[in-house]
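Undergrad: For the record, the sequence lines run as chains A and B.
Residues 4 to 529, numbered by the numbering used here, are exactly what the first sequence covers, in order.
Residues 166 to 442, numbered by the numbering used here, are exactly what the second sequence covers, in order.
Among these hints, one or two may not hold up.
Below, computed lysine-lysine pairings styled on DSSO-like, alpha-carbon distance capped at 30 Å [claimed, not checked]:
1) A:81 / B:358
2) B:345 / A:456
3) A:355 / A:63
Hints are computed from structural coordinates only; laboratory data are not their basis.
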Amino acid sequence: MRKLLKVLFTVLLFMNICGCHGSLGAQVFAIPEAFDENRSYEISFWAKNDTNINQVNVYKKAISDFEEIYPFIKVNLKLYTDYSRIYNDVITNISTNTTPNVCISYPDHIATYKTGVNTVVALDELIEDGKYGLGGSDVKFDGPKKNEMVEAFLDECIIDEQHYALPFMRSSEALYINKTYVEKLGYEIPDVLTWDYIFEVSEAALAKDEDGNYLVNGQKIMIPFIYKSTDNMMISMLKQLDAPYSKEDGTIEIFSDTTRDILKQISKHAESGAFSTFKISSYPANFLNAGQCIFAIDSTAGATWMGSNAPLLDISEEQLVDFETIVKPIPQFDQKNIRMISQGPSLCIFNKADPQEVLASWLFTQFLISNSVQVGYAMTEGYVPVTLKAQNSAEYLDYLSKAGSDNKTYYQIKIDASKLLVDNIDNTFITPVFNGSASLRDAAGSLVENTCKSARRGETINDAYFDSLFEKVTSLYHLDQVQSIESDKDLGPLPTTAKILLGTLLVSWILLAIYGYREWRKQKTQ
Amino acid sequence: MKKLLTITVMVLMLLGLCACNKKPEETPTPEPAPAPAAFDPSAKSEGVMTYSEFAAANLGDEVVIEGFVQGAQSYWQGAKFYVADPDGAYFVYCDGKGEDINISEEDYAKIVASTDYKEGWKGICDGTKVQVKGVKAEWSGEVEVSEATVTILDSEKWVAEAEDVTALLGTDALIEKMNKKVKFSDMTVEASKDADGNDVAFLYNWDGSGEPGSDLYFNVSANGTTYNFVVESYLCYDGSDVYEAVEALNIGDKLDLEGFLYWYNGANPHITSITVK
Numbered sequence: 004m005r006k007l008l009k010v011l012f013t014v015l016l017f018m019n020i021c022g023c024h025g026s027l028g029a030q031v032f033a034i035p036e037a038f039d040e041n042r043s044y045e046i047s048f049w050a051k052n053d054t055n056i057n058q059v060n061v062y063k064k065a066i067s068d069f070e071e072i073y074p075f076i077k078v079n080l081k082l083y084t085d086y087s088r089i090y091n092d093v094i095t096n097i098s099t100n101t102t103p104n105v106c107i108s109y110p111d112h113i114a115t116y117k118t119g120v121n122t123v124v125a126l127d128e129l130i131e132d133g134k135y136g137l138g139g140s141d142v143k144f145d146g147p148k149k150n151e152m153v154e155a156f157l158d159e160c161i162i163d164e165q166h167y168a169l170p171f172m173r174s175s176e177a178l179y180i181n182k183t184y185v186e187k188l189g190y191e192i193p194d195v196l197t198w199d200y201i202f203e204v205s206e207a208a209l210a211k212d213e214d215g216n217y218l219v220n221g222q223k224i225m226i227p228f229i230y231k232s233t234d235n236m237m238i239s240m241l242k243q244l245d246a247p248y249s250k251e252d253g254t255i256e257i258f259s260d261t262t263r264d265i266l267k268q269i270s271k272h273a274e275s276g277a278f279s280t281f282k283i284s285s286y287p288a289n290f291l292n293a294g295q296c297i298f299a300i301d302s303t304a305g306a307t308w309m310g311s312n313a314p315l316l317d318i319s320e321e322q323l324v325d326f327e328t329i330v331k332p333i334p335q336f337d338q339k340n341i342r343m344i345s346q347g348p349s350l351c352i353f354n355k356a357d358p359q360e361v362l363a364s365w366l367f368t369q370f371l372i373s374n375s376v377q378v379g380y381a382m383t384e385g386y387v388p389v390t391l392k393a394q395n396s397a398e399y400l401d402y403l404s405k406a407g408s409d410n411k412t413y414y415q416i417k418i419d420a421s422k423l424l425v426d427n428i429d430n431t432f433i434t435p436v437f438n439g440s441a442s443l444r445d446a447a448g449s450l451v452e453n454t455c456k457s458a459r460r461g462e463t464i465n466d467a468y469f470d471s472l473f474e475k476v477t478s479l480y481h482l483d484q485v486q487s488i489e490s491d492k493d494l495g496p497l498p499t500t501a502k503i504l505l506g507t508l509l510v511s512w513i514l515l516a517i518y519g520y521r522e523w524r525k526q527k528t529q
Numbered sequence: 166m167k168k169l170l171t172i173t174v175m176v177l178m179l180l181g182l183c184a185c186n187k188k189p190e191e192t193p194t195p196e197p198a199p200a201p202a203a204f205d206p207s208a209k210s211e212g213v214m215t216y217s218e219f220a221a222a223n224l225g226d227e228v229v230i231e232g233f234v235q236g237a238q239s240y241w242q243g244a245k246f247y248v249a250d251p252d253g254a255y256f257v258y259c260d261g262k263g264e265d266i267n268i269s270e271e272d273y274a275k276i277v278a279s280t281d282y283k284e285g286w287k288g289i290c291d292g293t294k295v296q297v298k299g300v301k302a303e304w305s306g307e308v309e310v311s312e313a314t315v316t317i318l319d320s321e322k323w324v325a326e327a328e329d330v331t332a333l334l335g336t337d338a339l340i341e342k343m344n345k346k347v348k349f350s351d352m353t354v355e356a357s358k359d360a361d362g363n364d365v366a367f368l369y370n371w372d373g374s375g376e377p378g379s380d381l382y383f384n385v386s387a388n389g390t391t392y393n394f395v396v397e398s399y400l401c402y403d404g405s406d407v408y409e410a411v412e413a414l415n416i417g418d419k420l421d422l423e424g425f426l427y428w429y430n431g432a433n434p435h436i437t438s439i440t441v442k
């Protein structure tokens, strides 16, 4: 009986110690002295593509080429077409310790992944390592050195002052314009469009004939201006106005008067029908290509879907309208100070118990930023390589120089979209990354979507509306629970459960002390 | 004393462990069921539109409909499901994220009859009656009730019979059947081209860029015209009978198919069952 009690006691004691804590987490990764090549490795790579078979083929070729160089490393590819799905699956697998080895991610998502203990590998030491780092002596392929990375893109992977990812590809947003229709409406297109300009032309495009057909296209449908990503829209407009969004420490600042002013402006044009969004109306490219949209804002990585001659089409040939497409930066408040978002996939490495396995993952990650993969993937869409080594390579320069020579690999609009980013790298920006920044981004889009829906329904858009909207969005996206790192807010009283737990522990220790004292007294008296 | 102390400490520790647990939610007391009435699947509550009234409403109008859930896609970034009554059919979209979705995951599970999350999604439903308030909207040609708020009604269930629309393929009349449960008879599997230009019976994703678990696209023909159909993986997931049946298709197979007549820039049937002849 006594033994049984002892065992039970020990088990309970252990459970009490561990019970209220999360997983203890993996050991901090340390670079092995040497990579053990006398064994085999199997690593998993979760990759995202834009529902584009050419991108899948680039991944497959990359794996095949890598396995030829390192025949003892097998890479298993898992394909996704949606960042949210990857994020969801990674979160699920963190709790079961079954994360992939290498994963395409957004820095916002990595900020959440790394709230686990040593879940994501910090890459700074690996990047600098003389043997296995970027350009390291024992790396068996011609990868980029650190100074051959685009510094701005590499810096985007810094979270809490360390690199938790390598950039894989970069894109931005572009304004795809039906030039034919803008000129038909009597406007000239400037090099850089303003928001006022784009809304003015959009309103002008709503004129109809007596049969209810739009004059500009002779059709019953015309949505002059469609924005694909409304979170980017709000974020970009705030950035261009140098208005608050969030701070590096996680302080939320989006609910400002400037945000109200932006939403008021958008609501007017949503109400008139001059402006809509992807969520409300569908893909901008489909409307643009059917001659039912004049200004379409979408990722540069969506360029292969844009225009009468687009290599990828989502509408039937009969719906396609012939027009001239041009690519410009997204509209600006200040034409002399262009600001456009930098986005695109990055690569993070998940920590494992075996440091050799992590090193194998790192070598594969490095391979994904070598020239053959970078140039190959960049050619599939309006992406830009993340290394200067690839950007300046003869192969990539040759690719850019052949713009317009066909409507497939060298599709003019796709290459124009890539050039737009290459020419504006210094004008790109990112938003602060912290645990909760992904929710804030969703909230930014939700503000625009909700305002547009309300305006279309004829609801009154005024300060009372925004008070209510801000409160609703704050609650839905739990923005009131995002704690800034340096927050000195009063956390309030302890929850009841915590009080009970602490009380239990206290009583346990007191009883243990009494027991110990009695034993000591007993031994002393004997 | 030693035993007493040990047992006391153990009891206290157990209490401590329990304190870490979430308080179980209280189960609301069910209200007494109303007296049974004669079942009429066309009957509507007061203030609810008939299908004709819904069809006549303008895009952007607020609408209230009632019907029986015939199929449901997985609960992911919104809830999407197919509703019908004897007069017509609706596609309902509760858009949003997390708590922004106007139907809880628990309530959603109640309208999905044959879902097993562990095995994958098989969202074929057995006709739970719901009332849906929302806005009539159109997305790439698909007319839907968006921004929907859903109430599950206490009613007998009703499942629609699939209507054979093979003769309407390629005609303007097909759009009148949008969202209905439909069937296509004596169709022939035609080749699709994979990434290497090979003839195959189906593709994972529209261009072959997917893998098992992705949507399945395949071509079928009737009367010399070829149409592209899809097994929507959020409706019938990898492992469902129809998903496996499509993966086993051969070019030239003769089929009867059943599904929901979804619309995406044209007819885009979401196939839920296949019979190879």
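Undergrad: All the hints need checking, so say for each whether the structure fits it.
TA: Quick rundown of the hints versus the structure:
1. Of the pairs offered as hints, the one joining residue 81 of chain A and residue 358 of chain B holds, with about 22 Å between alpha carbons and a cut-off of 30 Å not exceeded.
2. Restraint check for residue 345 of chain B and residue 456 of chain A: the C-alpha separation of about 27 Å stays at or below 30 Å, so the hint holds.
3. The suggested pairing of residue 355 of chain A with residue 63 of chain A holds, with an alpha-carbon distance near 24 Å, which does not exceed 30 Å.
Violated hints for the displayed structure: none, as all numbered hints are satisfied.
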